[in-house]
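For this one, chain A is given, so just place chain B on it according to the hints.
Chain by chain, the residues:
Protein chains: 2
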Amino acid sequence: METLQQIQHFFNKGYIDYRPGLSIDCAIFGYHDGELKLLLCKNKVITKWCLPGGFVKRAENLDEAAARVTAERTGLDNLFLKQFKTFGNPGRTSSPGLLDEDKFNELLGFKIEPDSWLLAETVSVGFYAITDIVNAQPKPDFVSSECAWFSIDSLPELGFDHGEMVKAAISSMWIDLYHFPIGKNLLQPKFTLKEIKLLYEVLSGKKLNATNFPNKLMALGLLTKLDEKRSIGGHRSPTYYKFDEPTYEKALEEGLVLV
Amino acid sequence: METLQQIQHFFNKGYIDYRPGLSIDCAIFGYHDGELKLLLCKNKVITKWCLPGGFVKRAENLDEAAARVTAERTGLDNLFLKQFKTFGNPGRTSSPGLLDEDKFNELLGFKIEPDSWLLAETVSVGFYAITDIVNAQPKPDFVSSECAWFSIDSLPELGFDHGEMVKAAISSMWIDLYHFPIGKNLLQPKFTLKEIKLLYEVLSGKKLNATNFPNKLMALGLLTKLDEKRSIGGHRSPTYYKFDEPTYEKALEEGLVLV
Chain A
1 METLQQIQHF FNKGYIDYRP GLSIDCAIFG YHDGELKLLL CKNKVITKWC
51 LPGGFVKRAE NLDEAAARVT AERTGLDNLF LKQFKTFGNP GRTSSPGLLD
101 EDKFNELLGF KIEPDSWLLA ETVSVGFYAI TDIVNAQPKP DFVSSECAWF
151 SIDSLPELGF DHGEMVKAAI SSMWIDLYHF PIGKNLLQPK FTLKEIKLLY
201 EVLSGKKLNA TNFPNKLMAL GLLTKLDEKR SIGGHRSPTY YKFDEPTYEK
251 ALEEGLVLV
Chain B
1 METLQQIQHF FNKGYIDYRP GLSIDCAIFG YHDGELKLLL CKNKVITKWC
51 LPGGFVKRAE NLDEAAARVT AERTGLDNLF LKQFKTFGNP GRTSSPGLLD
101 EDKFNELLGF KIEPDSWLLA ETVSVGFYAI TDIVNAQPKP DFVSSECAWF
151 SIDSLPELGF DHGEMVKAAI SSMWIDLYHF PIGKNLLQPK FTLKEIKLLY
201 EVLSGKKLNA TNFPNKLMAL GLLTKLDEKR SIGGHRSPTY YKFDEPTYEK
251 ALEEGLVLV
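Those protein sequence lines, which keep their order, are chains A and B.
With UniProt numbering, letter number 188 in the first sequence gets 188, and the count goes up by one each step, no holes.
With UniProt numbering, letter number 232 in the second sequence gets 232, and the count goes up by one each step, no holes.
Among the hints, erroneous ones may be present.
Stated by the list, open to error - Okay, derived cross-link-like pairs now, BS3-like style, lysine-lysine, Cα gap no bigger than 25 Å in a straight line:
| id | chain 1 | residue 1 | chain 2 | residue 2 |
| --- | --- | --- | --- | --- |
| 1 | A | Lys216 | B | Lys48 |
| 2 | A | Lys167 | B | Lys82 |
| 3 | B | Lys139 | B | Lys48 |
| 4 | B | Lys48 | A | Lys250 |
| 5 | B | Lys82 | A | Lys216 |
Stated by the list, open to error - Just so you have them, the derived chain B footprint on chain A, three or more residues with Cβ under 8 Å:
| id | segment |
| --- | --- |
| 6 | 57-65 |
| 7 | 88-99 |
| 8 | 121-129 |
| 9 | 180-186 |
No wet-lab data here; the hints were simulated from the structure.
Note that the Cβ used here is the ideal one computed from N, Cα and C, for glycine as well.
So here's chain A without its partners, still in its complex pose:
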């Protein structure tokens, strides 16, 4: 946890290390056992739930900033982060009354300079990632009172323009499902066709055909059938599959068409 002195330095002199007016926000989706959730942090100043985010350091690129912020918030440092859209409406962070200086001062215990770089209009680059909830350890930053997972179907009202960001992240993810492989950190190393179908159904919000869908994945060379079955007894034991590593990595790089 940061000391008061560190926080004070960040508020008043942070522009030395950080780029004023440029932030990233991350929609971190959490998948587990057929459920999709979203990680939100409750902002102390505007007292609303927000996507975890932060300012971009002068020395880092946008991908590095997104990786740093998600690592700080989730403890995970190997997420596949994808930039989806940038948000820059006038007033999105600087509308009168949105960031209350007095409230800042009260919460932090020191006075923010009225021309603090943190109060300036900010453009934010949106990233999303999908992780297994059990791997993540949500951790609030100093402007957040708590972090929590919310079911994607019952999100609270979000602060700033983060509601719009989440919609855009979900639309992007739906399209990306057709063009990039997914599942490596969300399924066990060996999985059944039913499990990967469930993953895609939950992420896309669509029912998939039990025969056509795995056939498409097989046709793309993404899956390797193992000579091993899950032992649930009898002839109904489902066969295990695994991802074909080289094909998966190549598709992540070059894209694919899941048709």
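Here is chain B on its own, set in the frame of chain A:
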């Protein structure tokens, strides 16, 4: 054309109206008769070809900035512009020697203040659009010596990180072809199946099946068959089609899956 006084004001006091450190760049693709080109402007200061772009005004959002810049550069004000990626690597506009103050001064005929807001590190939001070349009237701005269309297969070396931007714009466009309708301003109001197939082939760089591809468009309800043929004589005269307006507009809004 801007007066010297206006240009001088922009360089030294432009931050009053514009947001320092935030620009947009536009990959404007031009389609005509089976050829795909890209609009580039030759930057006088770095003497390289670049995407047309500009700073974002404080009063406008990112989409409005992109529409303004493309209207200024092409004379077209109804383009379907799509944000594809934001570029923010450290040094992308502020590497030592990249923007030569002396050269600026020489070209412009006045002295730029060394701490001019224009020399600061800038993050750029990339947009792309596709237009019919015959509709556009390329027009250089005051930092450009000329604007020209280049075949997508033989682009010159681009300045800044614009080469990377073009690659990303093309990748995005290829994916978007599967999820958004296209063609309304690129084909005549009545067109043949051969013409729309050629459009998709040129945009995607892929050969398409002469039967399956139109069938997919028909299945999506995007095309309406007209009771009219192009008269090229005899029984080989191809039938005309047009877009189904409501379906097209809905798909533009909600997305589709061209599979």
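ask   = Which numbered hints are broken by the structure, listed smallest first?
value = 1, 4, 5, 9
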